[in-house]
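Engineer: All chains should be modelled from the sequences, with the hints used to inform the complete structure.
Going down the list, the sequences are from chains L and B. For the first sequence, the numbering used here gives the first residue as 1, with consecutive numbering after it. For the second sequence, the numbering used here gives the first residue as 1, with consecutive numbering after it.
Worth double-checking, as some hints may not be accurate.
One copy or two, either will do: identical chains are not told apart, so a pair holds if it fits within one copy or between any two.
[Unchecked claim] Capping the alpha-carbon separation at 25 Å, the derived lysine-lysine pairs in DSS-like fashion look like this: (1) Lys22 <-> Lys137; (2) Lys22 <-> Lys122; (3) Lys90 <-> Lys102; (4) Lys25 <-> Lys118; (5) Lys122 <-> Lys90; (6) Lys136 <-> Lys60; (7) Lys121 <-> Lys60; (8) Lys90 <-> Lys118; (9) Lys137 <-> Lys60.
What the hints contain is simulated information worked out from the structure, not anything from laboratory work.
Number of protein chains: 2
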Amino acid sequence: MRQNIPENAAVRLSLYLRHLRKMKKDKVISSEELAGFIRTSGARVRKDLSFFGQFGTAGKGYVVGGLQETISKILGLDRVWTIALVGAGKLGRALLEYPGFKESGFHTEIAFDLDQSKIGKKVAGVPVYHPYQMPKKIRQQEIDMGVITVPAEAAQESADLLIISGIRAILNFAPATLIVPSYVKLMQADFTSQLEIMAYFLSHTREEQILIKRPQWR
Amino acid sequence: MRQNIPENAAVRLSLYLRHLRKMKKDKVISSEELAGFIRTSGARVRKDLSFFGQFGTAGKGYVVGGLQETISKILGLDRVWTIALVGAGKLGRALLEYPGFKESGFHTEIAFDLDQSKIGKKVAGVPVYHPYQMPKKIRQQEIDMGVITVPAEAAQESADLLIISGIRAILNFAPATLIVPSYVKLMQADFTSQLEIMAYFLSHTREEQILIKRPQWR
Chain L
1 MRQNIPENAA VRLSLYLRHL RKMKKDKVIS SEELAGFIRT SGARVRKDLS FFGQFGTAGK
61 GYVVGGLQET ISKILGLDRV WTIALVGAGK LGRALLEYPG FKESGFHTEI AFDLDQSKIG
121 KKVAGVPVYH PYQMPKKIRQ QEIDMGVITV PAEAAQESAD LLIISGIRAI LNFAPATLIV
181 PSYVKLMQAD FTSQLEIMAY FLSHTREEQI LIKRPQWR
Chain B
1 MRQNIPENAA VRLSLYLRHL RKMKKDKVIS SEELAGFIRT SGARVRKDLS FFGQFGTAGK
61 GYVVGGLQET ISKILGLDRV WTIALVGAGK LGRALLEYPG FKESGFHTEI AFDLDQSKIG
121 KKVAGVPVYH PYQMPKKIRQ QEIDMGVITV PAEAAQESAD LLIISGIRAI LNFAPATLIV
181 PSYVKLMQAD FTSQLEIMAY FLSHTREEQI LIKRPQWR
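Structural biologist: Next up, the structure:
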């Protein structure tokens, strides 16, 4: 159960789970149906699940409730994960109020900000501290993950402080490339970069390459 | 100049550009230095740039200003891209105020929301309309891209409306898997999924796998 699976499989497992959560727990689903949701193949689904032993009965599919539970366990979602937010500005506040986080078992427990008017108060129910308290507070409250929502020029320093405090998984929203040690999992939530890739796509796709007729609005 | 390059190259070009923007325009940079910023190889940098002809002089590197301009052109960033935002809630508002967007040439011109108290008014300087006006407004204002920040259950409908309105590139922030025609570029800004992958990483990395000694805080 503890062998290493490729990260892409973890991404797909997370997507399967999203669909299973919407379904009735006692329903039975085939690997082909599950594959259809994320446009992959039934064989790929079976392979992703086979990393963790056999589920379901040959030709009968998987019971939704059981599969949901198993995938949750594989992804480590059968527990609550605690988060420290670095940067309690507008984006940070929007994230604190984003319903998806808490629902999925991710609880933001503390926030850090340099703004004196915020320190010692609460933003969206979460207490805000000065960054110099980070190592102490993160250890005291046994925080698991860091989320960075500071301006780009403060992002590397924020990551360094989180790592010094013992954090090994960081989600960075600042438009900056961060350097972290290899034992830290860094994920980049970089909207601007995604928009640039969309711009590239639009610039290099000619109208005549679009074979499907676009619907017309009357 | 118009041949198709792999999407991964577009991602790297976007990252090179981020670093070049911070440098003096008349400086000369080698492919190895550029590679060091994003932890790739000099050979990879040269290959990425060679898709678009030769730049720089053998053994002398690239002049920052010129390279910046060329990569911007390749990515289609030598113009302004207009955006329609679907969902003017807290996350939508935080994005409207995110400085990175406008600085990089992405201008949000209009927003759509079902909330009667917002329709006809402005949120962060951007006028809000009812979604039924989407096809008309998007065509009138020649909007290029759509950004979805509605709740998960309204995300597919929002995407459908954008596509009917002629939009071919969508950045989705809702925690939902969307189905779009193959001629539409869909990018997913899915924080919850990123947190789940971090949870998976933390669950499956044992302390003894961490060979580098973590710094201790005194």
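Engineer: Look at each hint and say if it fits the structure.
Structural biologist: Now for the hints, and whether the structure bears them out:
1. Proximity of Lys22 to Lys137 under the C-alpha cut-off of 25 Å is found in neither arrangement, the shortest distances being 37 Å within a copy and 34 Å between copies.
2. Taking the shortest Cα distances, Lys22 and Lys122 never come within 25 Å of each other, neither inside one copy (34 Å) nor across copies (35 Å).
3. Taking CA atoms no more than 25 Å apart as the test, Lys90 paired with Lys102 passes in both settings, with 19 Å inside one copy and 16 Å between copies.
4. Taking the closest pair of Cα atoms, Lys25 and Lys118 never come within 25 Å of each other, the shortest separation being 44 Å inside a single copy and 39 Å across copies.
5. In this assembly of identical chains, Lys122 and Lys90 lie within 25 Å of each other by CA distance both inside one copy and across copies; the values are 14 Å within and 17 Å between.
6. For the identical chains of this complex, Lys136 and Lys60 are neighbours neither inside a copy (52 Å) nor across copies (49 Å), given an alpha-carbon limit of 25 Å.
7. Proximity of Lys121 to Lys60 under the C-alpha cut-off of 25 Å is found in neither arrangement, the shortest distances being 55 Å within a copy and 54 Å between copies.
8. Both within a single protomer and between protomers do Lys90 and Lys118 lie at most 25 Å apart by alpha-carbon distance, with minima of 12 Å and 19 Å respectively.
9. In this assembly of identical chains, Lys137 and Lys60 lie within 25 Å of each other by CA distance neither inside one copy nor across copies; the values are 50 Å within and 50 Å between.
Of the numbered hints listed earlier, those contradicted by the structure are 1, 2, 4, 6, 7, 9.
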